[in-house]
Amino acid sequence: MIYEVIIQGKTRRVELLRTGSGWQCKLDGKDFLADVAFPRPGLLSILVDGKSYEVKQQAVAGENSIVIGQERFSVAVRDPRSLASRRRAGYDEQGVKKITAPMPGKVVRILAPAGTAVESGQAVLVIEAMKMQNELKSPKKGRVKKLNVSEGAAVEAGQSLAEVE
Amino acid sequence: MIYEVIIQGKTRRVELLRTGSGWQCKLDGKDFLADVAFPRPGLLSILVDGKSYEVKQQAVAGENSIVIGQERFSVAVRDPRSLASRRRAGYDEQGVKKITAPMPGKVVRILAPAGTAVESGQAVLVIEAMKMQNELKSPKKGRVKKLNVSEGAAVEAGQSLAEVE
Amino acid sequence: MFKKVLIANRGEIAVRIIRACREMGMATVAVFSDADRAALHVSHADEAYLLGHAAATESYLNIAKVLEVARHSGAQAIHPGYGFLSENSRFARACAEAGVKFIGPPAAAMELMGSKTRARQAMQAANVPMVPGSARGLSAQEAADLAARIGFPVMIKAAAGGGGKGMRLVRAPGELESAFATAQSEALRAFNDGEVYLEKLIENPRHIEIQVIADEHGNIVHLGERECSLQRRHQKVVEEAPSAVVDEDLRRRMGTVAVQAARSAGYTSAGTVEFLVDGARNFFFLEMNTRLQVEHPVTELVTGLDLVHLQLRIAAGEKLPFRQEDVALRGHAIECRIYAEDPENNFFPSPGTITRLLRPSGPGVRDDSGVYEGWTVPLDYDPMLSKLIVHAPDRASALARMRRAISEYFVGGIKTNLPLFQRILEHPDFVAARIDTGFLDRLLASPASAKASSSKLDDIAAVSAALFTAATAPPAGNGRRSDDPQRSVTSAWKRAARDEGIERL
Amino acid sequence: MFKKVLIANRGEIAVRIIRACREMGMATVAVFSDADRAALHVSHADEAYLLGHAAATESYLNIAKVLEVARHSGAQAIHPGYGFLSENSRFARACAEAGVKFIGPPAAAMELMGSKTRARQAMQAANVPMVPGSARGLSAQEAADLAARIGFPVMIKAAAGGGGKGMRLVRAPGELESAFATAQSEALRAFNDGEVYLEKLIENPRHIEIQVIADEHGNIVHLGERECSLQRRHQKVVEEAPSAVVDEDLRRRMGTVAVQAARSAGYTSAGTVEFLVDGARNFFFLEMNTRLQVEHPVTELVTGLDLVHLQLRIAAGEKLPFRQEDVALRGHAIECRIYAEDPENNFFPSPGTITRLLRPSGPGVRDDSGVYEGWTVPLDYDPMLSKLIVHAPDRASALARMRRAISEYFVGGIKTNLPLFQRILEHPDFVAARIDTGFLDRLLASPASAKASSSKLDDIAAVSAALFTAATAPPAGNGRRSDDPQRSVTSAWKRAARDEGIERL
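Chains as they are written, first to last, in my numbering: chain A, 51 to 215; chain B, 51 to 215; chain C, 102 to 606; chain D, 102 to 606.
Calculated from the structure, these hints are not laboratory results. Ideal Cβ positions, reconstructed from N, Cα and C, are used throughout, including at glycine. Treat the hints with care, as some may be off.
[Unchecked claim] Partner residues aside, some chain D positions facing chain A, computed with beta carbon under 10 Å:
1) V170
2) G265
3) E474
[What the hints assert, rightly or not] Counterexamples of contact, computed for chain A against chain C with all Cβ distances above 12 Å:
4) I116
5) G145
6) K148
7) N184
8) E185
9) K190
10) G192
11) R193
12) V199
13) A203
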């Protein structure tokens with residue numbers, strides 16, 4: 051089996067072959083043998099040259115990562131044949147950046163209405179969730195192009211709240 | 051839904067009706083409302099008249115039980131319509147009793163060969179498992195009718211080792 | 102002793118109190134909101150009753166409903182835990198009127214200490230060292246004038262406040278107005294009371310607090326200090342006992358002041374007197390928390406006492422079973438507050454379902470948790486999942502033990518602040534106990550030292566990602582085997598995968 | 102200090118030692134058999150190597166293989182844990198020859214104490230009080246003669262023995278021969294050494310042992326006693342510290358004897374001197390265990406020390422960091438050994454897959470476990486799953502705490518001895534600390550007081566059984582929904598159900 055693993059931005063090519071004693075792995079052309087056990091779904095124990103790693107699979111809101119100890123590696127496993135994946139290189143189209151709600155909550159205050167000129171890192175609006183107020187900041191220097199929500203609005207995680215150009 | 055629950059030998063009739071606020075239960079004709087939650091598979095939290103019970107489902111080698119705290123209740127849930135279940139009343143056929151291996155292991159010694167007269171509770175053979183030797187005793191006073199294993203034999207859980215008549 | 106106790110709280114503290122009651126042979130009554138039917142405190146209690154909808158005001162803050170449950174269930178006492186009604190004197194009085202024992206201090210003491218402004222006045226009268234500032238609520242204008250007089254930086258605080266809510270630091274006159282507004286609205290939201298006041302900021306202080314315990318027969322004892330300087334936006338994150346800067350002499354002096362503060366307030370039960378300690382080890386009264394603290398376990402581990410057991414005994418009218426001279430500290434204890442929040446994204450709360458939970462255990466490790474694998478962390482309440490506490494013979498080994506425990510901790514399905522602790526515990530200044538209340542915010546401001554994770558680990562991670570995928574790949578042609586160990590968990594991956602056009606799974 | 106340590110063991114003790122090494126900054130090397138590839142100690146270690154097949158002789162007892170791994174991995178020291186090679190002096194010598202530090206006493210001390218007969222001789226020479234009996238291995242005939250002389254009842258014991266293996270109680274001459282034979286063959290099987298000897302039985306004694314710790318500079322300190330009278334067939338089941346019958350004076354006298362026994366054997370590292378204590382509180386030397394004991398945690402909790410940390414420091418040549426007068430006991434600790442065995446069926450081992458694991462936690466609870474949910478307990482080794490230990494200010498609260506902890510513990514898919522502890526902890530004699538080494542066997546002989554479980558509970562159980570079934574019943578007509586929470590677990594029920602003709606699931 052051949053996989054293309056995008057890990058921390060870098061793309062790696064992983065070839066796996068199940069053998070009697072374990073898995074024959076080829077990583078970017080480099081060969082090694084891995085002794086693998088799956089103690090529980092989402093966990094694996096992997097031995098490579100005697101080194102032991104307990105690896106956990108993490109999926110939060112469709113964002114996938116591999117956790118070893120407390121080190122997190124965001125990953126996506128792709129089929130090289132798929133073209134779809136080729137697109138979506140950079141998230142940033144022609145200088146417009148979105149401010150999205152990182153979690154469900156309620157908009158309590160708009161600090162920078164549409165049209166306001168903002169510095170990078172300047173607070174644009176405040177949302178409240180779990181009794182905490184949090185300022186959402188502009189990702190770039192520019193101008194608030196539009197606001198998709200008004201004060202008091204309930205918002206979903208990932209919802210686009212405003213655009214800065 | 052109607053179930054026949056054999057619990058600790060006694061047979062109880064349970065009628066369940068899912069309602070908006072929980073489950074309408076009828077136990078041997080007695081009615082009550084149960085607020086039920088399934089936190090995880092095999093566990094349930096049940097509230098009856100405000101009393102809270104954490105109930106666990108236990109299945110060991112096809113033997114089923116319900117555990118509340120450290121109290122165990124062996125149970126079988128049957129369909130009253132099924133006839134099959136009607137049979138299998140007593141395990142004891144015409145005075146012959148089996149000695150079965152309670153777990154996998156190895157027969158290390160035969161103490162009472164076929165033909166030996168034995169008291170109830172007298173050791174018939176010794177099996178070893180997990181580094182412990184355990185004597186298997188005769189369930190009744192009588193005579194060892196036959197031995198199905200010899201010293202050194204590996205045995206499976208539930209395997210019939212000897213018969214006493 | 103009480104036969105039945107109602108716990109007017111949820112989450113890990115409700116579970117912790119239920120455990121104490123069980124150990125003392127008391128029946129327990131839990132209360133819960135719509136969001137908490139499947140919560141741990143409900144299944145752990147002997148009885149449990151629904152309060153109402155998820156919103157705290159309709160459930161855990163609903164005094165009438167809580168008392169109705171107490172009456173109905175025949176509970177003789179109510180333990181409020183912390184947060185919610187724990188510092189609400191109206192609730193304490195309502196309990197008294199309903200003939201139910203409130204497990205905590207007298208309402209009068211709560212009111213005195215509950216209003217930071219009145220507390221300041223009382224403490225000044227008792228000659229407790231204070232930070233310069235206003236002793237009463239202020240208007241925006243008065244705040245501006247006072248700030249100008251005592252000089253910036255200053256802190257704006259909610260009079261009814263606690264836990265950093267309605268609290269703002271102001272470094273320059275320009276920031277004052279907006280900060281004042283936010284603090285006021287936050288205070289209003291959190292405590293139904295917009296009164297705020299102002300204090301001079303002690304630069305780089307330590308936050309060190311003294312645990313006191315008082316019975317109803319006039320006996321008051323202090324149980325030593327807790328070092329709580331590790332805070333994020335005035336929220337404690339890591340606490341320890343003892344403090345590296347408190348020696349026997351300072352401990353005795355701070356303890357004496359704390360006991361006298363408690364006495365002047367007519368205090369009973371467990372309480373905490375918080376101090377700011379400056380570089381010269383001068384200490385200033387900050388506030389008194391008239392409840393059990395989240396960080397109470399570090400005191401329990403070094404003193405060998407159980408504070409909730411003591412609260413219950415005291416509420417039942419018993420005398421303190423020891424005197425000041427019997428209190429001795431052994432070893433060192435550290436607590437980390439495990440939150441469902443994303444340290445890589447402004448610590449936004451991360452509610453959701455816990456798909457996998459690996460908890461640390463073994464020597465010297467205590468995990469006071471309120472969650473379980475499969476539990477869905479609701480959006481409606483404080484996102485603390487658990488308090489992880491370690492105990493060891495000395496601070497160095499306690500740090501090492503906490504590092505070990507954190508490395509064993511894994512929460513799948515939601516983000517947690519676990520990675521943050523790794524950073525803190527390895528930081529040379531924290532290791533050397535060179536900390537102040539600004540330490541953590543400075544640490545977070547500094548780039549997360551991209552400690553080049555051994556490329557070796559990158560390789561393992563990459564291969565593992567492929568392995569997880571391969572393990573769920575169907576045997577050529579026919580569908581996935583239903584006994585596939587990987588099935589359940591990878592579903593999320595598969596979903597995401599599909600969008601990205603992954604190898605057909 | 103060592104950079105890398107190999108742990109020549111498995112299960113909970115391997116995990117416990119790995120944790121200690123991690124806390125002290127040492128890399129860890131695990132070894133495992135075919136049966137243990139997915140075991141906890143393998144994934145917790147920094148390195149792990151296969152020894153061989155499941156059979157202990159081919160894996161955990163394979164000295165050559167273990168040393169080969171040590172050499173290959175560059176481990177500087179080996180911790181043997183308990184059981185397996187921990188009391189094998191040939192292994193200790195082989196380590197020395199291989200230039201690897203054996204973490205334990207010198208081989209000579211192990212040999213002396215390892216042979217109960219030689220130990221008796223040495224202790225007699227050191228004027229340690231002894232139980233009447235033979236000081237050397239016997240033939241069946243010699244045993245019969247000696248027994249006749251000192252009078253029944255007598256104990257037959259394996260000279261190389263430990264943990265009750267190759268041990269038999271003989272109450273009358275008639276039983277002697279067969280008991281002798283079984284003991285001999287068991288000894289042969291367990292220790293490759295059929296030598297057995299004989300001792301007079303002290304009626305209803307307590308088993309009380311003293312923990313000693315000795316460095317390589319001649320410093321030997323005792324850490325107080327452990328009460329280990331709760332035994333089943335000479336296997337410890339519940340241990341506590343301190344003992345209810347040991348006062349300061351007796352503790353000092355027993356401790357002094359233990360230290361002198363250790364000194365006379367040239368002992369280093371952690372060791373235990375076991376005594377029988379009769380009704381008049383006379384104590385007799387039983388044996389010295391030249392290793393860490395399963396029950397070491399109760400001593401750790403009351404002394405605040407970490408015995409494995411100390412073993413590592415001592416092996417690295419450090420001096421004991423404290424003197425006898427620094428050792429103080431605080432509170433009371435109790436340990437329960439959680440085994441995969443069926444208390445309702447002669448305690449037969451119950452290997453299998455753990456389908457659900459709910460572990461106790463919270464204040465004063467320590468769970469030293471070697472298993473996890475999903476782990477399949479192999480048939481090949483000792484069936485201990487975990488050591489559950491509690492600590493509290495006094496014995497009464499420790500008992501209550503243990504009851505609370507046991508009530509939170511649940512292991513699904515296999516039988517465990519958890520229900521047994523409920524019985525023990527509630528027994529009036531145990532609560533009153535009126536116990537001796539025969540207590541548990543007597544308790545087990547008596548009918549499990551069919552405490553009429555409130556018929557209420559019967560009702561709940563009956564309804565729950567139906568609910569579990571209903572929860573997995575398919576919505577009329579179409580098949581089971583794949584997101585069905587119940588699906589996975591009830592399968593076993595369904596299987597059994599099918600045989601019995603259950604409502605179609």
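- Tell me, which hint numbers fail for this structure? 2, 4, 7 and 8
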